[in-house]
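K.L.:
On the provided structure of chain A, position chain B as indicated by the hints.
In the order they appear, the protein sequences are chains A and B.
Using this note's numbering, you'd call the opening residue of the first sequence number 1 and step up by one each time.
Using this note's numbering, you'd call the opening residue of the second sequence number 279 and step up by one each time.
FYI, nobody ran anything at the bench for these hints, they're computed from the structure.
Note that the coordinates shown come from a computational prediction; the quantities given were computed from them, not determined experimentally.
Heads up, a few of these hints could be off.
[Unchecked claim] In silico BS3-like pairs for lysine-lysine, Cα to Cα no more than 30 Å straight-line: (1) B:409 with B:512; (2) B:367 with B:563; (3) B:563 with A:8; (4) B:563 with A:100.
Here is how the chains run, residue by residue.
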Amino acid sequence: MTKLFSTKGVGLSAISLLVGALFIFPFYWMASTALKPNADVLSNDYDLLPARITVANFGDAIDRPFFLSSLTNGLIVSLTAVGAAVLAALLSAIPLSRLKFRGRKGFLLLVMISQLAPLEALFIPLFLIMNDLDLLNTLFSMILVYFGAVLPFSVWTLRGFVSGIPVELEEAAMVDGCTRWGAFRRVTLPLLGPGLVATSVFGFITAWNEFLYALVFTSADANLQTLPVWLNGFTGNQATEWGTAMAASVIFTVPVLIFFLIVQRNLVAGVTAGAVKG
Amino acid sequence: MPYLLLAPAVLGIVFLLGYPAVLVFITSFQKLDLAELFSGETVWVGFDNYVEIFSEADFWTITLRTVVFTAVVVGGTVLAALGISLLLKHVPGKIRMILQICLLLAWATPILASTTVYLWIFDQNFGILNKTLVRIGFDSFAGFNWFQSGLSTLAVIGLLIAWQAVPFVALTLYAGLLGVPTDLYEAAGIDGASPWQAFWAVTWPGVRPILALATFLSAIWDFKVFTQVYAIRKGGPNGDSTTLSILQYLKGQSGSHYGLGAAVSVIMILILAVACTQYLRMLIKSSDVELR
Numbered sequence: 001m002t003k004l005f006s007t008k009g010v011g012l013s014a015i016s017l018l019v020g021a022l023f024i025f026p027f028y029w030m031a032s033t034a035l036k037p038n039a040d041v042l043s044n045d046y047d048l049l050p051a052r053i054t055v056a057n058f059g060d061a062i063d064r065p066f067f068l069s070s071l072t073n074g075l076i077v078s079l080t081a082v083g084a085a086v087l088a089a090l091l092s093a094i095p096l097s098r099l100k101f102r103g104r105k106g107f108l109l110l111v112m113i114s115q116l117a118p119l120e121a122l123f124i125p126l127f128l129i130m131n132d133l134d135l136l137n138t139l140f141s142m143i144l145v146y147f148g149a150v151l152p153f154s155v156w157t158l159r160g161f162v163s164g165i166p167v168e169l170e171e172a173a174m175v176d177g178c179t180r181w182g183a184f185r186r187v188t189l190p191l192l193g194p195g196l197v198a199t200s201v202f203g204f205i206t207a208w209n210e211f212l213y214a215l216v217f218t219s220a221d222a223n224l225q226t227l228p229v230w231l232n233g234f235t236g237n238q239a240t241e242w243g244t245a246m247a248a249s250v251i252f253t254v255p256v257l258i259f260f261l262i263v264q265r266n267l268v269a270g271v272t273a274g275a276v277k278g
Numbered sequence: 279m280p281y282l283l284l285a286p287a288v289l290g291i292v293f294l295l296g297y298p299a300v301l302v303f304i305t306s307f308q309k310l311d312l313a314e315l316f317s318g319e320t321v322w323v324g325f326d327n328y329v330e331i332f333s334e335a336d337f338w339t340i341t342l343r344t345v346v347f348t349a350v351v352v353g354g355t356v357l358a359a360l361g362i363s364l365l366l367k368h369v370p371g372k373i374r375m376i377l378q379i380c381l382l383l384a385w386a387t388p389i390l391a392s393t394t395v396y397l398w399i400f401d402q403n404f405g406i407l408n409k410t411l412v413r414i415g416f417d418s419f420a421g422f423n424w425f426q427s428g429l430s431t432l433a434v435i436g437l438l439i440a441w442q443a444v445p446f447v448a449l450t451l452y453a454g455l456l457g458v459p460t461d462l463y464e465a466a467g468i469d470g471a472s473p474w475q476a477f478w479a480v481t482w483p484g485v486r487p488i489l490a491l492a493t494f495l496s497a498i499w500d501f502k503v504f505t506q507v508y509a510i511r512k513g514g515p516n517g518d519s520t521t522l523s524i525l526q527y528l529k530g531q532s533g534s535h536y537g538l539g540a541a542v543s544v545i546m547i548l549i550l551a552v553a554c555t556q557y558l559r560m561l562i563k564s565s566d567v568e569l570r
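Same shape as in the complex, but just chain A (with noise of 0.2 Å):
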């Protein structure tokens, strides 16, 4: 605490703060938008606290069509997606951790180069692919690439998360009489919780902001469009209502906020277990 109080530490200190707000100010500007009355959003003053405070813009953003059915859309697909990829991916994972069999590596290395696959070169085949299936238009066509998009990550930290536990706990519930299987019931899986929260997390995120096969996918279905195509298409407008369009932002954004909260001790070691550390 000494530090706080020598010239060198304030200094530091106060630019910790500048740079902090700078980081924080449009979080803020769209909070403080979408809670001023539209007279307010589009005049000449200069408000940087918000002089009266309405929550219509929440209202507006809602009643406008198709907002809700993106919204819920958006949900379904990623929910979907994530459950599906994390449960494919713990299933491989159990084996790449605990067991020795060939091709492992081979596999291992497969997962690896995935994760480098760039997603945004490969839609013109996708679409294709779609078309082919006759899935062009459907969520499920979104599902479907959303589980490919997340899934190598989910595997790769998966792996870490269950290597993390040590084998001798399973090895000795077997002692005690669990058979394998009962054994990584009931000590692995739920030691395995918060890796199992964490990868959900970090794979909803990627699939909740997904925004190029979302585009590309329903340009033929306002019904089928998730929240990152409804903004686009709602700020491509000229006139902007920018008190509807940041209050409809908000709403866009709480989901993932809820989802920091739940793993905020284990955010940067979660990727960093995964991404870096290999």
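P.N.:
Leaving out everything else, chain B in the frame of chain A:
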């Protein structure tokens, strides 16, 4: 038994990532427009799509623009993140927590939400940025259109991308800084090293591997980024903020020349592959112990 458990993941990766990666190469050697899409006919054209792409003067401008844009955004991101990670390490706990919360909120905001906020901040008439600039004396910014030229449009896009990427890189680097043993600093202090010397002798070697990985990852992400560039001005004005990922969309999706678009995708993939081999080599090296 292990193969049965691996099956869902393997099938997912092979059909949803592997097969498309092969198909994009195949498609790039075909003439595939709406007519062929409906008739299901396969028309091989050899390297025609590539010849057409390469002969467009715009293509080379766009490629150069994408590479320079990537380099500038990555450089800015990594430098800012390194500075912030050092701040995080040297400020008192409460200040650190405030800064971390600010970073997390920037990181958590969904891409399209933050893109929309940036459009609003940079709005020509009522945007808070122009209002602020006028208020502190730069009157020429009254009604200034930030999206009038490709350069300033790309500057806004770059700022948006960096703003969202810095928190992750900074927090990762901060975690790396914490891993540097404190006795090394004590030893450097005893040897009479200045803070500057201590940074280069102790901190730098400690964070360099993580810094290198973060730089590679950022370069790969920023090179192929589509969402922010498209959502800001769809590559405009006059195509002056178009990058390669926008070009493949315009050719492939908007123009319905799927073969031509696929050729652009292949070019992107090849450029990325060069960067990725370097990255994979580092990753394999760093995870050698664990892979066994």
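K.L.:
Any hints this thing doesn't respect? Which numbers, in order?
P.N.:
Violated hint (a single one): 3; every other hint is consistent with the structure.
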